[in-house]
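Peer 1: Residues per chain are reported as follows:
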Amino acid sequence: MTARVITFSSGKGGVGKTTTTANLAVALASANHKVVCIDADIGLRNLDVVLGLENRIVYDLVDVIEGRCRIRQAMIRDKRYENLFLIPAAQTRDKTAVSPSDMVRLCNELRPDFDWILIDSPAGIERGFRNAIAPADIVVVVTNPEVSALRDADRVIGLVEAEEKGPARLVINRLNSVMVKRGEMLDTNDVLELLAIELLGIVPEDEQVIISTNRGQPVAMDEKTKAGKAFHNIARRLNGENVPFLPLGDDNNIFNKIGKMFKPGGN
Amino acid sequence: MMNFNENKSIQIKGINEGLLITMGEGNWVDLEKELLAILEEKAKFFNGAKIALDVGGHVLRAADLGMLRDRFSDKGITIWAVLGSSPSTEMNAQMLGMATRLSAPAHERKIHSINTDNIPGEEAIFIHRTLRSGFKVDYDGHVVVLGDVNPGAEIYASGSVVIWGRVRGSILAGMPENHAASVCALELTPTLLRIAGVTYLPSKRKGKNQPEMARIENGQVVVESWKIKS
Chain L
1 MTARVITFSS GKGGVGKTTT TANLAVALAS ANHKVVCIDA DIGLRNLDVV
51 LGLENRIVYD LVDVIEGRCR IRQAMIRDKR YENLFLIPAA QTRDKTAVSP
101 SDMVRLCNEL RPDFDWILID SPAGIERGFR NAIAPADIVV VVTNPEVSAL
151 RDADRVIGLV EAEEKGPARL VINRLNSVMV KRGEMLDTND VLELLAIELL
201 GIVPEDEQVI ISTNRGQPVA MDEKTKAGKA FHNIARRLNG ENVPFLPLGD
251 DNNIFNKIGK MFKPGGN
Chain G
1001 MMNFNENKSI QIKGINEGLL ITMGEGNWVD LEKELLAILE EKAKFFNGAK
1051 IALDVGGHVL RAADLGMLRD RFSDKGITIW AVLGSSPSTE MNAQMLGMAT
1101 RLSAPAHERK IHSINTDNIP GEEAIFIHRT LRSGFKVDYD GHVVVLGDVN
1151 PGAEIYASGS VVIWGRVRGS ILAGMPENHA ASVCALELTP TLLRIAGVTY
1201 LPSKRKGKNQ PEMARIENGQ VVVESWKIKS
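Residue numbers (our numbering), protein chains in the order written: chain L, 1 to 267; chain G, 1001 to 1230.
These aren't lab readings, by the way, just hints derived from the structure by calculation.
For each residue, glycine too, the CB sits at the ideal point set by N, CA and C.
Straight-line Cα separation of at most 27 Å, DSSO-like style, residue types lysine-lysine; simulated pairs:
#	chain 1	residue 1	chain 2	residue 2
1	G	LYS1136	L	LYS165
2	L	LYS181	L	LYS224
3	G	LYS1044	G	LYS1075
4	G	LYS1013	G	LYS1050
5	G	LYS1208	L	LYS181
6	G	LYS1227	G	LYS1208
7	G	LYS1136	L	LYS12
8	L	LYS12	L	LYS226
9	L	LYS229	L	LYS12
If we take Cβ atoms under 10 Å as the criterion, some of the chain L residues that face chain G in the derived model are:
#	residue
10	GLY11
11	SER101
12	ARG130
13	ARG151
14	ALA153
15	ASP154
16	ARG155
17	VAL156
18	ILE157
19	GLY158
20	LEU195
21	ALA196
Using C-beta positions, here's what the derived DEER-type ranges look like:
#	chain 1	residue 1	chain 2	residue 2	range
22	G	TRP1028	L	LEU246	53 to 59 Å
23	G	ALA1043	L	CYS69	38 to 44 Å
24	L	ARG70	G	ASN1016	36 to 42 Å
Whenever a hint applies, use it, and build me the whole structure from the sequences.
Peer 2: Put into structure tokens, the structure is as follows:
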């Protein structure tokens, strides 16, 4: 096995980097890939909560880097997916506790044992961001269809190019098809026109994401949810499959209505 | 910049973080000898200095780095950082507890000007990429971009600016007061457009975007369709 390292970044905070990391980890693990997630947001760790593993932390990333434990000791194995591991961030330190070369070395040590290494980058473009993208083979930029998020995403894409990690790939998160239809939200084309990078996936806005995040059960555990399905599709695309993008029309268009007549219970 | 030797293979200059010593190309053994000679010669001057050593593409073993660090520290000089393009050099430096980056790495990309010796007075740079948010081009001459200028990007030029793409960022042309300068783009919807210090106040746009040219007329910036007049 030689793992590929994917770093999830965005510039702006709150667009769904951690949610995307957690859900893709679940989607890849449920497809029998061996996955380790690294939370690079030292000082503001979240990924453990979203994955529902926060009460199992003993050692963290900084302990590994500073040699207080072996990598194995800091890896938490998910009980629901035995292929899924997490290396949590330290909560009591800050970004300067780790350097970009530390991250490269850590990932190189992990590579032989995994299919995927997913790194959750902190918001911003400072040290934490550079730590997170240093070992990356692929950088995935997560954005929302909002002007402020797009500008930050554009900046990050430029920085990723400057670090010769490009071209980055794009996940558009929290797209609300009803608002797009009413012309109140940027649509996929507007986003792609500006950012001009390869689209990896579109995740529709879905209340289930909030519910599942609070419960520590990533929404991708339930492939029937809208967002969960989108994350599984992204995982397949990362794996080289050619998966068509989900039709983003809301559920009330004429074809869906006809479909529902024949399919009680809907989708 | 202070050059301590005529031979330019080793350069020393002051930076915010202390002194930066840049090692040139060539045989490392010779370079190292030269560096140590400089050290002996200028030891008093360097005393107490913090040094970042840029070794470029040279691959150094931990033993090489350790030797240098010790020789320098004998003279009261700290090598706190080793910069280099080789990952193994970087790793070795880290193992010795040295930094491998200056605190503020430059994300600015270098832009080279085109040689225009044969056309007097007309200097231009050609940029074949999209200028993304946070990218600034500051050039004394004309600027030609094959790509878009995204929101948050900025071009500052003393001459004219031509963009074969969509402009949504900021363009300052003819700075500070070159009234002959113009700005052309396939789609001109800038955040800010200023020519020779005069700011363009965009009016309500009607119809589809089309190639446009902005220039100074009677002290105002006017924008009109970019057409070749026969």
